[in-house]
Amino acid sequence: MSLRPFHLAFPVHDLAAARAFWGDLIGCREGRSADTWVDFDFYGHQIVAHLVPEMAQGPVGANPVDGHGVPVPHFGIVLEKEDWQALADRLTVAGVDFGIKPYVRFAGKVGEQATMFFRDPSGNAIEMKAFADLDQLFATA
Numbered sequence: 001m002s003l004r005p006f007h008l009a010f011p012v013h014d015l016a017a018a019r020a021f022w023g024d025l026i027g028c029r030e031g032r033s034a035d036t037w038v039d040f041d042f043y044g045h046q047i048v049a050h051l052v053p054e055m056a057q058g059p060v061g062a063n064p065v066d067g068h069g070v071p072v073p074h075f076g077i078v079l080e081k082e083d084w085q086a087l088a089d090r091l092t093v094a095g096v097d098f099g100i101k102p103y104v105r106f107a108g109k110v111g112e113q114a115t116m117f118f119r120d121p122s123g124n125a126i127e128m129k130a131f132a133d134l135d136q137l138f139a140t141a
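Residue numbering for the sequence shown follows my numbering, starting at 1 and increasing by one per position.
These are computed hints drawn from the structure, not numbers from a lab.
For lysine-lysine, the following DSS-like pairs were computed, each having C-alpha atoms within a straight-line distance of at most 27 angstroms: (1) Lys109 - Lys129; (2) Lys101 - Lys129; (3) Lys81 - Lys101; (4) Lys81 - Lys109; (5) Lys129 - Lys81.
Required output: the full structure, derived from the provided sequences and hints.
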């Protein structure tokens, strides 16, 4: 089975803020756009910020994982370790408020991964992760 790019659409309350965050800070190239949406190249995948100005930020659920409350829902991507570290450093310098600061989850165990959680300007929860060994992505034992 060959890997294919995924598509994800999500709500934002301000397209200018979305462009600044996803384009300038995260580094996603902008694709097509209209007055109410913007496509971004999210590491080879298509994400689309759809303008929903009246969106309300309701309560967000969380599940315990490795001693942290992981926000639900969330989305993200698995990066190469060097790219993950560069992004973590860039976000730290930019003063991004991490919901879960960059750290190594499941250290020394099956599925060991570097992870971090933060929110975009519209409150969407994002997880970026990396594996020293990508074969651990779906490992169970």
